[in-house]
Amino acid sequence: MDEGLIIQTADLKKSFGKFDAVKEITVEVPAGSIYGFVGPNGAGKTTTMRMLTTLTRPTKGQAWVNGYSVTEEPRAVRRSIGYMPDEFGVYDDMRVWEYLDFFAACYDIPEGERKRLINDLLELVDLSHRRDDMVDKLSRGMKQRLSLARTLAHDPAVLILDEPASGLDPRARVEIRELLVTLKDMGKTIFFSSHILADVAEICTHIGIIEAGEMVAQGSMDEMQSQMMPHREIVITVRNPEAAEKVKTLLQDVNGVLDIKDLEPQAGRSRIQINFTGDDEGVEAISQKLSEGGIAVLGFTEETKDLEAMFMRVTKGIVT
Amino acid sequence: MQDLTRISLVDSPEEALTPREHRLDFIANILNRGAIINGILAIIVILAAALGAFGVLGDTFTTLQNVSLFRSTVAPDTASLMIILTMLLNTSLLLVLMTGVLAREGWAFIGIWLLVIGNVAALVTQGFTPGIITILIGLWAGIIAGRDVRAFRMNPVMLKELRGRMRGVRAFAVLTIYLGLMSGVTVLLFLIFTALNRSEGSAAAGEIGRVLFMGIVGIELLLIIFIAPAFTAGAITGERERQTYDLLRTTLLASPPFVIGKLESALSYTLLLLLAAIPLQSIAFLFGGVTEVELLLAFIILTVTAIALGTVGIYFSAIAPRTLSASVRAYTVALVVTFGIPLVLSFILNIFTGALFGTGTGITRSPVLEGLLVYLGLFLVSINPIATALASQQLLIDQQVTGFWTTTLSSNGDTIPMVSPWISFTIIYLAVSTVLIVLAIRRMRKVEA
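Respectively, the protein sequence lines represent chains A and B.
In terms of the numbering used here, the first sequence is residues 1 to 320.
In terms of the numbering used here, the second sequence is residues 321 to 769.
Watch out, some of these pointers could steer you wrong.
Cross-link-like lysine-lysine pairs, in silico, BS3-like; alpha carbons within 30 Å at most [stated by the list, open to error]: (1) B:Lys766 - A:Lys23; (2) A:Lys246 - B:Lys766; (3) A:Lys18 - A:Lys60; (4) A:Lys184 - A:Lys115; (5) A:Lys60 - B:Lys766; (6) A:Lys289 - A:Lys248; (7) A:Lys289 - A:Lys246; (8) A:Lys289 - A:Lys261; (9) A:Lys13 - B:Lys766; (10) A:Lys246 - A:Lys261; (11) A:Lys13 - A:Lys60; (12) A:Lys184 - A:Lys13.
Simulated from the structure, these hints should not be mistaken for lab results.
On a predicted model such as this, the values are computed, not experimentally measured, just so you know.
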């Protein structure tokens with residue numbers, strides 16, 4: 001087992017009858033990372049998570065969470081994880097604080113400490129004002145945040161979240177995303193699945209792409225980008241077409257620039273897209289060239305839509 | 321979600337994580353061993369007594385009494401029956417306490433010490449030497465448990481369930497309606513009874529009291545048959561259907577506290593209904609004809625029935641894929657046990673009485689066979705709450721017996737020891753309940769393969 005990996009699997013396989021839901025995959029999640037587990041619906045994300053959370057036994061292979069084997073030491077694994085399934089388990093007839101109190105008791109937290117813990121958790125997920133409300137009266141986003149608070153009751157090292165942002169409105173989605181970043185800053189490792197790439201791209205440090213039960217790509221965001229995307233895209237915004245022409249001629253012979261295209265003007269401003277193979281020094285060279293040429297640049301951005309492209313490139317669209 | 325009926329299951333360990341959990345496991349292990357030792361000894365005593373009864377081994381009854389119940393003044397054969405039943409009771413109580421300790425229930429800790437005290441009392445007053453095993457086991461377990469009393473806590477599942485169940489006016493409205501209906505039935509019974517007797521002439525006040533008492537107990541029994549399985553049949557399947565089962569399985573909540581907590585919350589409400597009706601039953605005292613002993617026996621029989629049917633519900637809830645199928649199975653068992661068995665029995669009994677007393681040849685000449693038939697009859701009565709209640713009451717009225725008694729065989733005029741059915745009923749039902757709880761816990765420990 002690798003020391004720096006908090007979740008690690010070896011040839012993890014799960015079959016339902018003749019159907020292989022997960023085919024001998026290797027998942028490697030470094031401690032302290034936000035790991036986005038991406039794949040189309042039915043790719044085996046939930047099955048993998050259920051194996052990691054000891055809810056289902058692997059057909060073959062082994063997995064370790066926080067150094068404990070999921071088959072040999074399931075309770076030690078359960079103590080290390082906070083799990084949020086993709087559906088919110090509703091207990092009707094329960095108040096928000098009672099919901100947290102119940103789960104805290106399930107984690108054997110003494111009664112004397114629970115009251116303070118609940119207040120802290122509710123404050124963290126910004127639900128203090130709904131403390132005495134019934135759980136089923138909460139909005140979907142609030143329920144999701146309450147779920148997240150629940151997974152934190154016993155201060156686990158790893159959070160395993162199945163589709164935490166699915167079915168949420170944009171505002172709630174942003175709130176969850178911000179919460180995840182806060183939790184990472186608190187030292188937790190977050191392993192979450194999603195089929196929405198935007199969620200993953202914004203906050204992940206690491207990413208794994210699964211398709212039809214197979215891990216097609218895995219690594220840190222930077223690694224993945226340089227691996228999958230041989231060229232980078234930079235969009236430069238200038239005031240008018242004349243400036244745009246100047247930029248074009250200036251950059252034509254810069255080392256590594258592949259091609260230069262005009263984009264549709266936005267709000268009367270001209271935009272130019274530059275594809276180039278290069279590292280950060282290449283980007284510096286471009287901006288230096290522009291300032292030397294005396295061109296007033298309104299915008300200079302590196303496009304991040306390449307994750308989408310990366311996703312399209314590695315997945316073949318096979319969904320079983 | 322996959323089809324729950326088709327998934328296969330494998331055992332999954334529930335390893336102890338903290339020193340406290342290791343200690344509790346150890347205590348449960350001690351109690352488990354104690355139960356096994358008691359059970360094996362009980363079987364040996366039963367075999368010895370049976371061999372003695374068949375005349376193979378000489379007078380084993382006297383030997384058994386001299387060894388195991390030497391201070392008792394009852395007849396040796398009755399003493400042997402007492403020894404066997406007490407050992408069986410010890411066995412099932414030790415198993416109950418074992419699950420209680422695993423579930424970290426406060427009553428388990430108190431129960432261990434009560435069991436020790438009870439066995440010491442039996443040893444001192446009756447000379448019950450087999451109790452020494454239970455005393456030693458109990459002392460060992462009790463002392464270790466006493467080092468960390470905080471390990472025993474309020475069951476989180478029970479607390480959660482009761483919070484939900486007792487919230488708002490609903491629980492109290494149900495209680496009020498229930499008591500209102502019971503009162504109505506009582507009044508109705510009284511009116512019908514007095515009307516019938518007015519036309520026939522005099523009515524003894526005691527008879528009115530008895531009819532009222534039996535009527536209320538009968539309705540309560542009916543209520544338990546319908547309520548106890550209903551409260552528990554959805555306990556585990558309901559969590560699955562609400563998709564909260566997975567949440568609970570990934571917490572540190574082990575299977576024993578989960579199963580016991582569900583059972584406790586269901587039973588505590590049933591018990592509340594039973595306790596609330598006691599004042600109503602006590603109206604019978606105004607008319608006479610009913611004693612406090614009958615009231616107590618009725619309460620014990622009702623409670624034991626509720627516990628047993630509750631565990632039947634829990635068991636099916638653990639193994640069935642849906643609440644519906646769990647309910648159907650639990651109700652089937654409850655109805656067969658309470659109504660099906662008496663129907664079949666009365667049919668068989670008719671044939672048997674014909675064979676025994678009608679033609680009067682063959683079978684009745686053999687005292688051994690007659691003795692076996694008498695015990696078979698006692699056993700059959702003891703597996704049915706209605707038969708148990710009626711037989712125990714009849715015995716109380718006819719012979720003022722609540723414990724052990726003797727009956728005379730018609731074949732050779734010998735007497736054989738008997739026990740009031742409520743005792744054998746309680747032991748059988750508690751044992752079956754414990755087994756069902758253990759099976760339900762075992763099923764909960766499994767994960768999808």
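Hint check:
1. B:Lys766 - A:Lys23: Since the Cα atoms of Lys766 (chain B) and Lys23 (chain A) sit roughly 24 Å apart, the hinted pair holds (cutoff 30 Å).
2. A:Lys246 - B:Lys766: violated, 71 Å
3. A:Lys18 - A:Lys60: This hinted pair holds, its Cα atoms lying about 14 Å apart.
4. A:Lys184 - A:Lys115: Holds. Lys184 (chain A) to Lys115 (chain A) sits at ~24 Å (cutoff 30 Å).
5. A:Lys60 - B:Lys766: Roughly 18 Å separates the two Cα atoms, so the pair holds.
6. A:Lys289 - A:Lys248: Status holds; Cα separation ~11 Å.
7. A:Lys289 - A:Lys246: Given pair Lys289 (chain A), Lys246 (chain A) holds - Cα atoms ~11 Å apart, limit 30 Å.
8. A:Lys289 - A:Lys261: Holds, at about 18 Å.
9. A:Lys13 - B:Lys766: Holds, at roughly 19 Å.
10. A:Lys246 - A:Lys261: Given that 30 Å is the threshold and the Cα spacing comes to 13 Å, the pair holds.
11. A:Lys13 - A:Lys60: holds, 5 Å
12. A:Lys184 - A:Lys13: Roughly 29 Å between the alpha carbons, so the hint for Lys184 (chain A) and Lys13 (chain A) holds.
In this structure, only the earlier hint numbered 2 is contradicted, and the remaining ones agree with it.
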